[in-house]
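There are 2 protein chains.
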Amino acid sequence: MFGDISPRYHPLTPETVPAYIRTRKELEAVFRPEDALEAVEVGDGNLNLVFKVWAKADPRRTVVLKQALPYVRLVGDSWPLPTDRARIEAQALEIHGRLVPQHTPRVYFYDADMYLVCMQNLIDHIIMRKGLIQGIKYPHFAEHIGLFMARTLGMTSDLVLDYRAKKVEVARFINPELCKITEDLIFTEPYRQTERNRFHAELEPQVVALQADTGLHLEVAQLKEKFMTQAQALVHGDLHTGSIMVNQTDTYVIDPEFAYYGPMGFDVGAVIGNLLLNYAAHEVRTTDPEKRADFRTYLTDTIIQVWQVFVREFQPIWDRADVIDMPRLYQQDYMRRVLQDTVGFGACKMMRRVIGLAGVEDIRGIESVKDRTTAASLALNIAVSMVKARHHITRIEEVVEMATAARPSM
Amino acid sequence: MFGDISPRYHPLTPETVPAYIRTRKELEAVFRPEDALEAVEVGDGNLNLVFKVWAKADPRRTVVLKQALPYVRLVGDSWPLPTDRARIEAQALEIHGRLVPQHTPRVYFYDADMYLVCMQNLIDHIIMRKGLIQGIKYPHFAEHIGLFMARTLGMTSDLVLDYRAKKVEVARFINPELCKITEDLIFTEPYRQTERNRFHAELEPQVVALQADTGLHLEVAQLKEKFMTQAQALVHGDLHTGSIMVNQTDTYVIDPEFAYYGPMGFDVGAVIGNLLLNYAAHEVRTTDPEKRADFRTYLTDTIIQVWQVFVREFQPIWDRADVIDMPRLYQQDYMRRVLQDTVGFGACKMMRRVIGLAGVEDIRGIESVKDRTTAASLALNIAVSMVKARHHITRIEEVVEMATAARPSM
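Sequences listed follow chains F and B, in order.
Here the first sequence is numbered in the working numbering, starting from 92 and rising by one per residue.
Here the second sequence is numbered in the working numbering, starting from 92 and rising by one per residue.
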């Protein structure tokens, strides 16, 4: 897991990709021997090289190569990071592909020496975050992601897996280094003064107040503990709108390299928290009040629907549960706890994206400092009200009520 | 983990033990080449062979060999069980020996092919359960076990271990087969009609009522879920008074073959639940009211003291915690949650010992059926009140108040 780098490992470049492709017989159905291949590096993440490769003669015959770097790309080689995450990603994609093939990119192969996954290039889709920033609605998204989460979370939990299979999976998906990134960047650094935080000076009074709030620290500490100890299901671990590719008909979930056995609410919260970050951004991004209200209603309706679909698609799992061992009261209690976790983790995801190292374009991409501060302030206020209310929340509508009631402080 | 049996494996017998001993140079400091050795099999557990071996010339030169059988001894070879538990036990003993050497038997060696641990023979100590049944008080027990649990649980948790070390330990102590025994025997079977339950007919009305109580099922389901998902610390996993050897000055914890990463309250609850089973047994075992009251006061004082020492010895861990990341409010909240888990798991341990397959001598050893029913009924009533009150308990004294207020139903 933390072993030496394979002697066969070398980072690819756009120049070396075509020759590498030729060595892989798994791609013989995609590329022909006579094809001239083109490749470009497009990684905008922090941890990996990502190459798109296509046949010059037919750009629709194409794949993506995702290769792990042995350090965090954004920070550089001062932050070494095991390449084991490529194995985690390949194995998680394999499970997702089995449970929800319609929402998972096809995997062609995993190269264990190169820490490289080769998969379907989603050429007809865009990163959902970019679409939401432009105010594009995705009418099927809630149905798709609700199903994706119900299947990938429910079917990898103790509710479905055999006692032994579950525990073997927990061990297989032990993912310390990427969990550590989450532990630090989501649950620790936003709540203290550190060099890596990235909020701008105008927001400082609000951040200082938040960092001095010991009641908030208690909630975050509880959520961090849950993240570190609760092996409930195989979570994606980074399910924000930048890990989702969409168009008007399809939804694909990519990049499960943070996958590990954790609390289901961490994934559901990531989706909802990122929709709310976008909601906050449209406070200033959309100036026409009618258009703004309309898109925000789309976002809040989507939040409600995501949860409702998740619950609906989870139902088949409960339907086969033993009602002595898991009485109805327990089933309701279980889903309520997942909702409360969702609210708590969603809030933490929002706060880290405003205060911490890795921001989101929804808010950090706003050019005017004043506008950016307004959106950031609103996002923080929504998040703080969520994290403090989470123990008492019983309906997803309460989250939407908190979001629509919140106002920016500055 | 679930591999084939080693070709070198063979179950020892008292006759083959001396020759085996001669092959182990780790024992050269214990036995001399000229020693005649004697061995006897004394296992009263369900999973293993246990041999005591000594030099005929000096019975104080002695060791114990504990060898895993590939099936559950009580049930026979219809219930196969991986011998991996011998590795788990040896590794847990190594950790306990490092953290609390004064309460851990010395390990001489672990033989991975024979699934065998060779350890100190505690010839000056008896199984605590047997002492308590006789009404013997152990004045240092609370201090010792409180320290043992604070160290072994606190020091193996995320509060102390490095993020990576903790997760590697979680994987190393994945222990599916023995966890499954707990999942079935403690959290499932007592709450339904199964062939393996072992209560006697007189108790049936009370058991039937308990098995029909869906509110109780909810609580047990939540606790089972916690047992199956919460990787909080390296728990002993079977810390009843039959896993503790004592005399008037010493306390040793043996048999950690059920060890895995689970909730701390599972161990603390095992200790307290078993003290309460003994408390219930003395309802009929001690007929002199004054003697009974006196011994029960010893037991309830011990319960309070066990928790107080646990909290006191846990304090050094909190003293070095980062107070931004883990504010005082969180520390108090954490200990309160461990207490509430303790009460819930303690209650489950009590119920299973009355209803389920493996009883305890405290109660099942009572000859008169009427008396046995009285003690069993009292134990169930204490347990049910505990498991239902657990969410609101904030002080250990409340547990004692519930125990002293409870009466047998029959």
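To be clear, the hints were calculated from the coordinates, so they are not data collected in a lab.
Errors might be hidden in some of the hints.
Covered stretches of chain B (in silico footprint by chain F; criterion: 3 or more residues with CB under 8 Å from a CB of chain F, positions within the stretch not fixed) [to be verified]:
{"id": "1", "region": "219-225"}
{"id": "2", "region": "279-291"}
{"id": "3", "region": "407-419"}
{"id": "4", "region": "462-476"}
Facing chain B, a subset of chain F residues (Cβ under 10 Å, in silico) [unchecked claim]:
{"id": "5", "residue": "261"}
{"id": "6", "residue": "305"}
{"id": "7", "residue": "458"}
Anything over 12 Å on all C-beta distances counts as not near chain F; from chain B, calculated [claimed, not checked]:
{"id": "8", "residue": "101"}
{"id": "9", "residue": "109"}
{"id": "10", "residue": "302"}
{"id": "11", "residue": "303"}
{"id": "12", "residue": "317"}
All of these numbers come straight from a predicted model, not from anything done at the bench.
Built from N, CA and C at the ideal position, the CB exists for glycine as well.
Comparing the hints with the structure gives:
| no. | hint | in the structure |
| --- | --- | --- |
| 1 | 219-225 | violated (count 0) |
| 2 | 279-291 | holds (count 3) |
| 3 | 407-419 | holds (count 5) |
| 4 | 462-476 | violated (count 0) |
| 5 | 261 | holds (7 Å) |
| 6 | 305 | holds (5 Å) |
| 7 | 458 | violated (33 Å) |
| 8 | 101 | holds (26 Å) |
| 9 | 109 | holds (38 Å) |
| 10 | 302 | violated (8 Å) |
| 11 | 303 | violated (10 Å) |
| 12 | 317 | violated (9 Å) |
Consistency with the previously given hints fails for numbers 1, 4, 7, 10, 11, 12, ordered from lowest to highest.
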